Amino acid sequence: MTIGPFLVRRLGSGLLAIFGACLLTFSFLHLVPGDPVDHLAGGDAPPGMREAIERCMGLDRSLPGQFVGFLGHVVDGTLGHQCKNGDPGGPTVAARLAEVLPHTLALAVCGMLIAVVLALPLGVAAAVRRGSWLDTAATVVSLSGIAVPQMMFAPLLLLWGFISLGWFPGPTEVGPRAIVLPAIAVGTHLMAMLARMTRSAMIDVLGEDYVRTARAKGLPEGRVLVVHALRNALLPVITIAGLQFGSLLSGAIIIENVFSRPGLGSTLLEAIRERNYPVVQGAVLVIAAIYVAVNLAVDLAYGLADPRIRRA
Amino acid sequence: MAADPPDRGPPRRPTGRTLSPSAWIGVAMLAVFVAAGLFGPIAAPYDLSLSHVELAHQFEAGSAAHWLGTDGSGRDALSQLLWGARSALALSVIVVAISSTLGLAVGTVAGWFGGTVDEVVMRVVDVLMAFPGILLNIAIVATVARPGIPLTVAALCANGWVGYARVARGQVLALRDRDYVIAAVALGASHRRVMARHLIPNLMGPALVQMSFGLGSVILIEASLSFLGIGPQLDYTWGAMLEQARNFLWNTEWVRRYALVPGLAITWVVLGANLLGDGLRDRLDPRQRGRDGGR
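Just so you know, the sequences run in chain order S and G.
Residue numbers for the first sequence follow my numbering, so the first one is -5 and each next one is one higher.
Residue numbers for the second sequence follow my numbering, so the first one is -19 and each next one is one higher.
Source of the hints: derived by calculation from the structure; they are not laboratory data.
Computed from a prediction, not measured in an experiment: that's the story for all the values here.
All C-beta atoms in this analysis are idealised placements derived from N, C-alpha and C, irrespective of residue type, glycine included.
Treat the hints loosely; a few may be bogus.
Claimed, not checked - Computed footprint of chain G on chain S, listed as stretches where at least three residues anywhere in the stretch have a Cβ under 8 Å from a Cβ of chain G:
id	region
1	132 to 141
2	269 to 282
As the list claims (entries may be wrong) - Here are some of the chain S residues that sit facing chain G, going by a computed Cβ distance under 7 Å:
id	residue
3	S7
4	A11
5	S241
The whole structure should be built from the sequences, with the hints applied where relevant.
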């Protein structure tokens, strides 16, 4: 079977999921009792301001009309206007999201790097020395990495790196040095999950016939582990890593909050608080789209790495 | 989800095997949590109502009077911890009960009838899964300024049921070709009877595993929402304690002590739930012993 029909099917269901997520968000936003114009205009707005904001956000149209309007802005690539002062000429939602997206991606990539670099050796070592003190230690590390809430870990990390050691810049700063602490906070949690996954996948693979064959024909143990075992064990690990990378786009919201970093998550939270409909919808669309794209990429990578799946 | 175990012959009765020691540790940890949630507020040494704010005692370290110290308003941290346990227990039990009932019902129906019903359910699942992390929960909770308990529960259940539905559907697909199910259908049993008598009882094992992991994640998500200031308007939650620690970050010595109280409590419950979940899964499927991430 070629990859074409599979790709078309997956793309279709992915687009459907993104559309559903947008529709769901749209419905939620319009369930909100408060008037979004009150939030954006403030209490003592000049008389013309309310109407201007309403017109700018398209609130003077019917509900289906508003959703169609949003879809139109998706097509023209602007995702609508922020409408802060009722000024439709201001920066578009797309521009605002493009501004924060690099920060989110940088955090996600750095966190993922830290996680992978630590998790693979830890997981492999635990699987190879199964039942040893090393295995127990790895299990304890990964279990606690999952259970310790980031809401405790991140502030304590900030106090340690910023105040006690003074090595790293404090909150609100951005730049290469400022990303270290947040990336560690994100990476630790991911590392815990990936190490568990690597361990269990390696244990599975180490019991396979081809590993026994590789050992029997006298290959050096290192080569057996890396080429024959780890390569196959990586498949489920890639899946989890991909899913988690997608979650990081909005899931780093706690970390962004603690370190006062700009990002998709914090932009979304702020937009929800100030009831800025266009920004909320645009952010949800971007997050859902990246998430679906990453999942698709993972599925494709999986198919490329494992010929059995391609043929199935 | 693809790797549902193939038909493994007649269902095994796992009653002969006992839980692993680590699963029993998990049970014990959860028992402490349940006890703290049930009886903690009765045993709490201090009244936490606003009239008892004592600014003279704010930011204190642990002492004989306040074992775990006090917060920024001079209120006793131990009492907050115990009241927070009640909030966490009540919320997580309600959310797990609702989302597991809903998810198991939907998943069983989808798996049993297949066809259009299944297709629709799986598309809805896709949409809900396209909201990564706690995004959907935040979106729902944010529809009002001060979410009450019902809205928070609804937000947590809105995507909480998905995991149970997937487990149930996968199990039903594996169970539907079993002889006893085919026999029941041949004898003229109604759809309802097959599902209630033959399918659901046999998928309760994997469902229990999911409930155990689900408990841990509900605790974490609820704490995250409270931490972001959009949690349920309960008087005391562990997430709100963590938010307070963050708001007084300048008081570093105090934050180092105080943040540990709710932080370690959350760690305790989540760890207990995960240990129990791992143990239950091992007992159900010995092939998976010593493995994890099999979801």
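Evaluated hints:
Remark: the region 132 to 141 of chain S is confirmed as covered by chain G, as 4 of its residues place a Cβ nearer than 8 Å to a Cβ of that chain, reaching the required three. A count of 4 residues in the region 269 to 282 of chain S with a Cβ less than 8 Å from any Cβ of chain G is obtained; the coverage claim is therefore met, three being the minimum. Given the 7 Å rule on beta carbons, the hint for S7/S holds: about 6 Å separates it from the nearest Cβ of chain G. The restraint placing A11/S at the interface with chain G holds, with a minimum CB-CB distance near 4 Å, inside the 7 Å limit.
At a threshold of 7 Å, the smallest CB-CB gap from S241/S to chain G is about 4 Å, leaving the interface hint in force.
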